[in-house]
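Taking UniProt numbering, the leading residue of the sequence shown gets 1, the next gets one more, and so forth.
Calculated directly from the structure, the hints in this document are not laboratory data. Cβ atoms here follow ideal geometry from the backbone N, Cα and C, with glycine treated the same way. One should not assume that every hint holds.
[Claimed, not checked] Pairs of lysine-lysine residues, derived as DSSO-like cross-links and limited to a Cα-Cα distance of at most 27 Å, are as follows:
id	residue 1	residue 2
1	K62	K8
2	K19	K37
3	K62	K19
4	K42	K69
5	K8	K42
6	K8	K22
7	K22	K42
8	K19	K8
9	K48	K71
10	K37	K48
11	K37	K71
12	K19	K69
13	K48	K69
14	K48	K22
15	K22	K37
16	K48	K62
17	K37	K8
18	K42	K19
19	K22	K69
20	K8	K71
21	K62	K22
22	K37	K69
23	K62	K42
24	K8	K69
25	K71	K19
26	K71	K42
[Unchecked claim] Taking CB as the label site, the calculated pair distances span:
id	residue 1	residue 2	range
27	R45	L13	19 to 27 Å
28	E31	A57	48 to 56 Å
29	N56	V30	47 to 55 Å
30	K62	K19	20 to 28 Å
31	V64	T29	50 to 58 Å
32	G14	H60	46 to 54 Å
33	A20	S52	38 to 46 Å
34	S59	V36	31 to 39 Å
35	L74	K19	32 to 40 Å
36	G14	K69	37 to 45 Å
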Amino acid sequence: MYDPNHFKHLFTLGSCFYKAYKDNYPFRTVELEAVVKYLSCKTNRLGKLTYSCRNNACSHVKYVFSTCKSKLCLVWPKDHRALDSSSE
């Protein structure tokens, strides 16, 4: 089965990134910022938009989570291309 977050597993599997950070691996600031932003991608941490039906009898709600726009992110370029093609 396809998992769009398979790349994220490289940082979270076995807490490898967290262990390297705790063991004082010499990460550069830009690397830490990119990974933290990437791990927060499409979560509540970056915010979300809430859409609901105008019909008061309808209880459907859709949440659209913000992307990180990080260099590591594989989600944002796809979303960005979709926006570019719709403006043509």
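Going down the list of hints, with the structure as the test:
1. With a C-alpha separation of about 24 Å, the suggested pair K62 and K8 falls inside the 27 Å cut-off, and the hint holds.
2. Taking the CA atoms of K19 and K37, the gap is about 18 Å. The hint holds against a cut of 27 Å.
3. Between K62 and K19, the direct Cα distance comes to roughly 35 Å. Violation of the 27 Å bound is thereby established for this hinted pair.
4. For the given pair, K42 sits about 10 Å from K69 by alpha-carbon distance, which is consistent with the 27 Å threshold.
5. About 12 Å separates the Cα atoms of K8 and K42, which keeps this hinted pair within 27 Å; it holds.
6. Only pairs whose Cα atoms come within 27 Å are accepted, and K8 paired with K22 is accepted, the gap being roughly 19 Å.
7. The suggested pairing of K22 with K42 holds, with an alpha-carbon distance near 25 Å, which does not exceed 27 Å.
8. Between the alpha carbons of K19 and K8 the distance comes to roughly 16 Å, so the proposed pair stays at or under 27 Å and holds.
9. A distance of roughly 21 Å separates the Cα atoms of K48 and K71; the hinted pair therefore holds under the 27 Å criterion.
10. With a CA separation close to 15 Å, the supplied pair K37 and K48 stays within the 27 Å bound.
11. About 9 Å separates the Cα atoms of K37 and K71, which keeps this hinted pair within 27 Å; it holds.
12. With a C-alpha separation of about 25 Å, the suggested pair K19 and K69 falls inside the 27 Å cut-off, and the hint holds.
13. Between K48 and K69 the CA atoms are separated by roughly 14 Å; this keeps the pair inside 27 Å, and the hint holds.
14. Restraint check: the Cα-Cα separation between K48 and K22 comes to about 30 Å, which exceeds 27 Å; the hinted pair is violated.
15. Pair hint K22 plus K37 holds up; C-alpha atoms about 18 Å apart against a cutoff of 27 Å.
16. Between K48 and K62 the CA atoms are separated by roughly 10 Å; this keeps the pair inside 27 Å, and the hint holds.
17. A distance of roughly 11 Å separates the Cα atoms of K37 and K8; the hinted pair therefore holds under the 27 Å criterion.
18. Distance check on the hinted pair: K42 and K19 sit about 23 Å apart at the alpha-carbon level, within 27 Å; holds.
19. With a C-alpha separation of about 26 Å, the suggested pairing of K22 with K69 holds against the 27 Å cut-off.
20. The suggested pairing of K8 with K71 holds, with an alpha-carbon distance near 13 Å, which does not exceed 27 Å.
21. Restraint check for K62 and K22: not satisfied, since their Cα atoms lie roughly 37 Å apart, outside the 27 Å limit.
22. The straight-line distance between the Cα atoms of K37 and K69 is roughly 8 Å, inside the 27 Å bound, and the hint therefore holds.
23. Restraint check for K62 and K42: satisfied, since their Cα atoms lie roughly 14 Å apart, inside the 27 Å limit.
24. About 14 Å separates the Cα atoms of K8 and K69, which keeps this hinted pair within 27 Å; it holds.
25. A C-alpha spacing of about 22 Å is found between K71 and K19, which places the hinted pair at or below 27 Å, so the restraint holds.
26. For the suggested pair K71 and K42, the alpha carbons sit about 15 Å apart, so the restraint of at most 27 Å is met.
27. For the pair R45 and L13, the supplied restraint of 19 to 27 Å holds, since their beta-carbon distance comes to about 20 Å.
28. Checked against the hint of 48 to 56 Å, the C-beta distance between E31 and A57 comes to roughly 50 Å, which is consistent with it.
29. Between N56 and V30, the C-beta spacing of about 48 Å keeps the proposed range 47 to 55 Å intact.
30. Judged by the Cβ atoms, the range 20 to 28 Å given for K62 and K19 is violated: they are separated by roughly 37 Å.
31. At roughly 30 Å, the beta carbons of V64 and T29 sit outside the given window of 50 to 58 Å.
32. Range check, G14 to H60: about 38 Å between beta-carbon atoms, so the 46 to 54 Å window is missed.
33. Between A20 and S52 the beta carbon distance is about 42 Å. The supplied range of 38 to 46 Å therefore holds.
34. Taking the beta carbon of each, S59 and V36 are about 35 Å apart, inside 31 to 39 Å as hinted.
35. Between L74 and K19 the Cβ separation comes to about 24 Å, which falls outside the hinted range of 32 to 40 Å.
36. At roughly 27 Å, the beta carbons of G14 and K69 sit outside the given window of 37 to 45 Å.
The structure does not agree with the numbered hints 3, 14, 21, 30, 31, 32, 35, 36 stated previously, though it agrees with the rest.
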